[in-house]
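There are 4 protein chains.
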Amino acid sequence: FPYDITGKGYGKDGIKLFHVNRDGPYHSIHEFDIKVHIKLSGNKEYTEGENSAIVDSDALRNLMCVLGKKHGIEGPEKFALMIIKETLEKYAHVVEISMNIETYPWQRIRQDKAKPDGSTENYEHNHAFVFAPTALRYCEVIMKRGDSKPTVISGFKGLRILKTTKSSFKHFIKDEYSTTPDINDRILSTIAEGAWEYASIENVDFKKDWETVRDTVAKTFGGDPVHGTTSTATQRTAYLSVKQVLDDLPHVAIMTLTLPNRHYNNFDTRPFQSLVPGENNEVYIPLDKPYGIVYAELSRKDLQGHN
Amino acid sequence: FPYDITGKGYGKDGIKLFHVNRDGPYHSIHEFDIKVHIKLSGNKEYTEGENSAIVDSDALRNLMCVLGKKHGIEGPEKFALMIIKETLEKYAHVVEISMNIETYPWQRIRQDKAKPDGSTENYEHNHAFVFAPTALRYCEVIMKRGDSKPTVISGFKGLRILKTTKSSFKHFIKDEYSTTPDINDRILSTIAEGAWEYASIENVDFKKDWETVRDTVAKTFGGDPVHGTTSTATQRTAYLSVKQVLDDLPHVAIMTLTLPNRHYNNFDTRPFQSLVPGENNEVYIPLDKPYGIVYAELSRKDLQGHN
Amino acid sequence: FPYDITGKGYGKDGIKLFHVNRDGPYHSIHEFDIKVHIKLSGNKEYTEGENSAIVDSDALRNLMCVLGKKHGIEGPEKFALMIIKETLEKYAHVVEISMNIETYPWQRIRQDKAKPDGSTENYEHNHAFVFAPTALRYCEVIMKRGDSKPTVISGFKGLRILKTTKSSFKHFIKDEYSTTPDINDRILSTIAEGAWEYASIENVDFKKDWETVRDTVAKTFGGDPVHGTTSTATQRTAYLSVKQVLDDLPHVAIMTLTLPNRHYNNFDTRPFQSLVPGENNEVYIPLDKPYGIVYAELSRKDLQGHN
Amino acid sequence: FPYDITGKGYGKDGIKLFHVNRDGPYHSIHEFDIKVHIKLSGNKEYTEGENSAIVDSDALRNLMCVLGKKHGIEGPEKFALMIIKETLEKYAHVVEISMNIETYPWQRIRQDKAKPDGSTENYEHNHAFVFAPTALRYCEVIMKRGDSKPTVISGFKGLRILKTTKSSFKHFIKDEYSTTPDINDRILSTIAEGAWEYASIENVDFKKDWETVRDTVAKTFGGDPVHGTTSTATQRTAYLSVKQVLDDLPHVAIMTLTLPNRHYNNFDTRPFQSLVPGENNEVYIPLDKPYGIVYAELSRKDLQGHN
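Protein chains in written order, with our numbering: chain A, 102 to 408; chain B, 102 to 408; chain C, 102 to 408; chain D, 102 to 408.
To be clear, the hints were calculated from the coordinates, so they are not data collected in a lab.
Take these hints with a grain of salt, some might be off.
No distinction is drawn between identical chains; accordingly, a pair holds when it is met within one copy or between any pair of copies.
Stated by the list, open to error - List of simulated lysine-lysine pairs, BS3-like, C-alpha gap at most 30 Å:
1. Lys390 / Lys271
2. Lys250 / Lys191
3. Lys390 / Lys214
4. Lys191 / Lys109
5. Lys344 / Lys171
6. Lys320 / Lys344
7. Lys320 / Lys216
8. Lys320 / Lys214
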């Protein structure tokens, strides 16, 4: 046979799963959108049309729902680890399994409420939630049979941030193709996404880490709340953000950060000098397309045995 | 000629406009996505291919940018009113103009920062912002030449909320087509959108009103943070929300609220009783499609001269 | 009570329905995405939390599936008319019902196949289909109890067309806000959507009419395949298209056509004259936003008793 | 320094480019949405905030437009190869460049036109086009400095196909998690995407190859137009499609095909037996989520020197 099967797999995407913990009046929830993919040891369902090794993808979904009910859900990474462990234990011919989980950004509704003494207090609601999609949290967990430990990657998408000063872009190459001049002070805006792989997952608080990374990226971008911080290029900002995460989280092995550069073009007031004389530092035209794209990945050097 | 022109208009959609006020280190921003449509007194560009009455839609966009730079931007409603007034004054043959403005939900980045005395304070950033799309704010403003005042409608979209108890749906019609039984306690989730028309716009704080409406809808849905509130049907919840807004905002004439009913189906554990015996009150399957849809519009009775 | 309920309704959106006719080896299919909304004679589910009049929206969906199975499906308009008739007959307190149906653009897969005599013929497949979304077909059908006949509107969305010549835009107003010069020959591109209401639906072949309208819009836009036709403005093109449809389909009462004007900006080669001297008539930058928008609605004058 | 830069790059995404060839009345067009990413030999713009090595991403876009005008555009693969060659030649410190180009599916408008002899002929329009997005064509071309040849991958997305019979799914594992029974005859529907890498690009007609692959996937799925072909599982169908492509195109080295399995659930008529007695083989409920996912990659064994 002249070909090798060099890639294969199957599973289920778009599995929606909602879990509520109703122990007492204070309810806690998780809503996930899950992809699960597995690889089997043989190929006969491909090459011979013989399905006897197939674990139905509906069964994989049922397994998730059943284990979610049985053991509860702590967060996406731990849920994925539980499902992966159970699947590898139960099905000996599954040689690899990966799960990708996006979490829905539900937050408790906050409300002011009068207290008996007449004052007002801000309460978190016991059982009502609002969708607050400032950034999407997701994870990707992969385990191959025989590996000593799973690969756990956490990430965020859609962190859209903007600053109105302290961003220059100067001294790049000027030649016959370049039309952009040096800029001393531009609007910088990005829709950041980042992902980091754990060197060790023992005793990790994945939720806290996620919040740390998100806040670090925003803080490195914006700088001090009063004085800001200067960005010389999106490359520089990406690099400093990733470096800061690795400095702060020693159990993280690798991090990648992608920063698109959403352009805000200065509105050209030259044709309108009789109406609005002088320079324009107020009105900009945000551009959806095209947009710059910059990414940086840093890896910790001293990783022993990390694959 | 056997036909009447019973509708016509033209304009520009998808106008992106960003404005920054840089008076001092504390910058303020607005980002809009704008539609502007106008109607002319004659039809000859349609019927005769004679374009001499056309105000180019690029000119409309330029006018916005120029006036935005000249006078600054206070918010979408006031900006629309300014543009509409100028357009009707400048172009005598424009008989109607409407503007639809969506605002981008930029919020200042908040950061903890050490104070000189060693304590920590939470600061709002002077010039860095984060996109927080919990609900989209928009407005629609329309003015016909000769009208005594413009029609101003404010609205929100995408307020996604969920509660895990205090929602029943019972005593509806049961017949040969119905398969859903009475439900005592279900998960209720909606992606609310609402719009309200002003009876009067004098001295209105549009931003504050918008926040009031958004909070009222969330509060009517969730109820008391500890005890919640019972919903007997989405219809009931929609009605009570609108009524509350009209009670609170006497200068609002009409409000419409649309509440889709995003279904969360109980995961059927009957096939898995050996694994997870008993009832399931933990795991639900969120359904994207289909979804229920309910809307209610209330109008104030005592509106004199309101069209 | 200080308010009137001036609008209300409920129903189900996003109902996916697939029907296959398997009489013989030649299968025929319909796939719909349906919205159904109804209004009841009373309001007590809103004002009192009393649900006894509610026809559950799941029941409405079941009714559709059951009738679809029983009577088959001829097309979206006729299916909507059947469901509407049944609903009004069965539920005496339903005072209005509307349905919006989008159809999925499945077409038979075509294949060349060798014939016994050695020649090749192009066959339509008996039971395999491909999604060909050149334009989306939809309809909106509304019936109020007591009306003599339903309102039937058919429409299309997403007909994206472009021509590379025979489009000018000249002699419009030039003033202090205009920056666009007269253009003799530009690229014209639009994503057309249109809708038409029937004066009479007796013996109408809705599918054939839909294809006629789609083809008329494309033909009026493009003109003769060799020589084309001149467009003096998008307004003119919209008007001529609608007029042609009303000329061709006497049982159509009203038609609206919306033509966004997707801009293709000439790439400015002035900074690159040493590399590419002379004018540029080859490279354009398509712009997603903003885009012009033009619409025209024509109504037949001699409509007796049409509401 | 405790970290390595293990990944980096930058460029421009969402570059829209339209090219028209107007030599004579028969115009030809290309519309692309382009991503271009490059890697530089050094890192100082990341580590030191020193930008002197940066080729501005606007300059990359200008280079594309200028070369597109100068040399014309034959297709996405050849355009990418031209841009990549020029960039590597001009900028000696660019060590890698990749381009991803999506093409817009413009087709000539076809029209029937009367001939002088009174008969009718179907013409392709000289300069008017319609968007026919049955499947999206794209390519990915990558070149590292020093490599003997570029990596060229062509692909398609969004080929949505469905068949109403000749699909079974049987004999898979049945255990405590499985709820799906064996199915003899189901509706099979997928939104196929595929990508193939060339072993050699000499004298390749990329457009013809793309059409061959698309047609092969549709043909393997649907089978004979009269009799069809039996699918025992999506795995089997994916495998046979890829195998057929490699059989037909000897200059293709590797191909991957991903076939989501869009579920069409039989509408359960058991509660409605009084209305529609017997089995239901007509009405199905299409499900958007979740959906199965299957992929297969085959590689030619005898590839000498292929990296």
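Taking the hints in turn, this is what the structure says about them:
In this homomeric assembly, Lys390 and Lys271 come within 30 Å of each other (Cα to Cα) both inside a single copy, at 22 Å, and across copies, at 28 Å. With identical chains, the CA atoms of Lys250 and Lys191 are at most 30 Å apart within one copy only, with a shortest distance of 18 Å there and 46 Å across copies. Proximity of Lys390 to Lys214 under the C-alpha cut-off of 30 Å is found in neither arrangement, the shortest distances being 46 Å within a copy and 36 Å between copies. Taking the closest pair of Cα atoms, Lys191 and Lys109 come within 30 Å of each other only inside a single copy of the chain (21 Å); across copies the shortest separation is 40 Å, beyond that limit.
For the homomeric pair Lys344 and Lys171, neither the shortest alpha-carbon distance inside one copy (40 Å) nor that between copies (43 Å) is at most 30 Å. When the C-alpha separation of Lys320 and Lys344 is checked against a cutoff of 30 Å, the pair qualifies only within one copy, where the shortest distance is 13 Å, while the shortest distance between copies is 42 Å. For a Cα distance limit of 30 Å, the shortest separation of Lys320 from Lys216 across copies, 17 Å, qualifies, whereas the shortest one inside one copy, 36 Å, does not. For the identical chains of this complex, Lys320 and Lys214 are inter-copy neighbours only, at 11 Å across copies versus 32 Å inside a copy, given an alpha-carbon limit of 30 Å.
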